[in-house]
Structure formats: structure tokens, C-alpha cells
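Just so you know, full-length UniProt numbering puts 53 at position 53 of the sequence shown, and the rest follows in order with no gaps.
No lab work stands behind these hints, which were simulated from the structure alone.
Label-pair restraints from in silico Cβ distances:
#1 SER252 <-> PRO91: 33 to 43 angstroms
#2 ARG286 <-> ASN64: 29 to 39 angstroms
#3 ILE97 <-> ASN181: 25 to 35 angstroms
#4 ILE229 <-> PRO91: 32 to 42 angstroms
#5 ALA271 <-> GLU28: 21 to 31 angstroms
#6 ARG275 <-> THR242: 27 to 37 angstroms
#7 ASP184 <-> PRO244: 28 to 38 angstroms
#8 GLY265 <-> ASP184: 27 to 37 angstroms
#9 PRO169 <-> LEU247: 16 to 26 angstroms
#10 PRO91 <-> ALA285: 25 to 35 angstroms
#11 GLY230 <-> HIS85: 26 to 36 angstroms
#12 GLU93 <-> PRO232: 34 to 44 angstroms
Calculated pairs, DSSO-like style, for lysine-lysine (alpha carbon to alpha carbon, straight line, at most 27 angstroms):
#13 LYS124 <-> LYS245
#14 LYS135 <-> LYS124
#15 LYS124 <-> LYS134
Using N, Cα and C, we set each Cβ at its ideal position, and we do this for glycine too.
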Amino acid sequence: MDTIGPNIAFGIDQEPAVALCSSQVLVEFEHSAPASSSTGPDENIMAFAGKVVDAGSAVSAFHNADRVVVFDKPSSFQQNLTATHRKIIVPSERLHIIPETMSSYVACLHAAALVQATVIIEQKLHLSFSPEQKKPHRGQVPQGRRVAIIGGETELAVALVQVLRRVSPNTRIVVFSSMDNQADLFQRTCHLVGLGASFAIDGALPDLMEHAEAMKDEAGIEVIINTVIGQPVRTDLVDVLTGPKVLVEYQSLRIPTMQSTARVGDSDFSAALYRMLAESADEFARYVQSPDRCIPQDDRM
Numbered sequence: 001m002d003t004i005g006p007n008i009a010f011g012i013d014q015e016p017a018v019a020l021c022s023s024q025v026l027v028e029f030e031h032s033a034p035a036s037s038s039t040g041p042d043e044n045i046m047a048f049a050g051k052v053v054d055a056g057s058a059v060s061a062f063h064n065a066d067r068v069v070v071f072d073k074p075s076s077f078q079q080n081l082t083a084t085h086r087k088i089i090v091p092s093e094r095l096h097i098i099p100e101t102m103s104s105y106v107a108c109l110h111a112a113a114l115v116q117a118t119v120i121i122e123q124k125l126h127l128s129f130s131p132e133q134k135k136p137h138r139g140q141v142p143q144g145r146r147v148a149i150i151g152g153e154t155e156l157a158v159a160l161v162q163v164l165r166r167v168s169p170n171t172r173i174v175v176f177s178s179m180d181n182q183a184d185l186f187q188r189t190c191h192l193v194g195l196g197a198s199f200a201i202d203g204a205l206p207d208l209m210e211h212a213e214a215m216k217d218e219a220g221i222e223v224i225i226n227t228v229i230g231q232p233v234r235t236d237l238v239d240v241l242t243g244p245k246v247l248v249e250y251q252s253l254r255i256p257t258m259q260s261t262a263r264v265g266d267s268d269f270s271a272a273l274y275r276m277l278a279e280s281a282d283e284f285a286r287y288v289q290s291p292d293r294c295i296p297q298d299d300r301m
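Please put together the full structure from these sequences, using the hints given.
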């Protein structure tokens, strides 16, 4: 068996035996989610997901075949690589069970998006995220700054709604989503509003500003965050920017890996992100409706 670096064992013919400490869990890697378009190995990864294949003697919260997500990159932990598997030894306190209603892939994407959202809001909106911050009660009508998020179909947009609603409860959040399927658009719109968006609208409407007249209190946007890579912000939206006129293009951002890694290593920070991940899964599941409930009458077969 060859050794690659201090933390990676590589075997070709047989699975290496993995010795676990009492509080460690062995996870078979399945998915990872990047935070930018950089191509370095693991350099841009903010979260990964997998299945539990073994656990130390003191671990009771996790069992074999449990689906788990970790707010960090795989290279932060000891890894065992074979020709067919990538297994990662993770302290049990860094693992989180993936909600039953959420796929491992989506959980991984959303976990990474939550990390990115905290950095974007702190860097560009100069707001600080704290694990103690709570989502305000339903029915509270925000009256503060107005933020538009483009790309409601992305996990990053969903995460931005969740984080922004906590760090700035008085912010009015408008989300524009573009999805071909009307049932999917309906579900996503309900999902975003349920998580704290003040208003959600079909971003593909040609007469978008006429529809925006229905939200008079949202007229005039101070901040636009575009989460869609390769798609410029519509000029009719840019034209309504007022005040500080902040335009954030996600594709031009560089998420500071070292800063993010340091934060996700904090148990309170990761626990707060996980609560938002579970909230997103629960809220989304509420709006999984039969086709008759989602599809407009004229579109039904």
C-alpha cells in the first residue's frame, strides 16, 4: 500500500482496514458542492455528503447507511482511497443527518449554498451572521431595505433568503425565479415565501415591471443579487435600483476558502446552518402537491 500525503492511504487490490477512534464515523463519499468556478482539487468545496459505513464505539447518533452531510471539504479530514471508493473519517460532531424528504445531492448543494450565503451577505451587504439569530415570526411585515434576488430556482437563492431573513429581519426580499414547468415554479415560489421572501415572481415574464406594480411597497430596489452564472441582470430590473444601488454578481465573487473553513469548523455555526437546511427540506415538502393542485386549470390533461 502506498501513502499519498499524511492523511490519505491508497490501496489497489483490497480495501484498507480503517481504525476508528471511539467518536469517529467512517463515511463513504457520494457528493460534494463547489463554492466557485475554480478547478483546484477540493479547493472550492464547501460541503460533501455520503453514507455512514462504520462508527466508533462511543457513537450512538449515527448508524450504517445513514445519509449524512458535512459543512466542509473532504480534504479537511483523514481519507482512505481505493480504486473504487473514497471513504472519509469524520468526527461525529461534524456530521448531520440528511432529512428524509431531501436527496443527498440537494442536501449537499444546499449546505454549500448556506456557507456561500453567509459570506456573500457579510462581504457585500456588510451584515454579520450569528448562530443565535432566529427567523422572525410569520406575519411580521418587513419595512426596511429592499433586496432583489435573481435565480430563485438555485439553491443559493434559497439559502440567501434564509440567511438574510435572520441577519436582517426587516429587509424586504423579492425573488425572481425562471422555471419552464409551471408546477415546479409554483412549488418553488411557495417554498421561497415560506422561508421568508416577501414576494416571489416569475422572472421570465416579458412585462415583469407591470407585474411588479402589484407589489408597490417593493418598488425601488436597493440591492440586486444575481445567483445565475452566465445570465446578465435584466435592464428593467437594473433601472429600478435606488439608494446605494448595489449589484452583486455571484459569478464574479471569490469565496474565501480559509475564512469559510474556519467558520464551518465551529459547532454552533454548523448547527445553525443545519437547522436552516432542515427548515428548507420541511418547507419544500409542504408544497409537494398532486398535479391537480399545482397545474393551472388550462394546463391540465
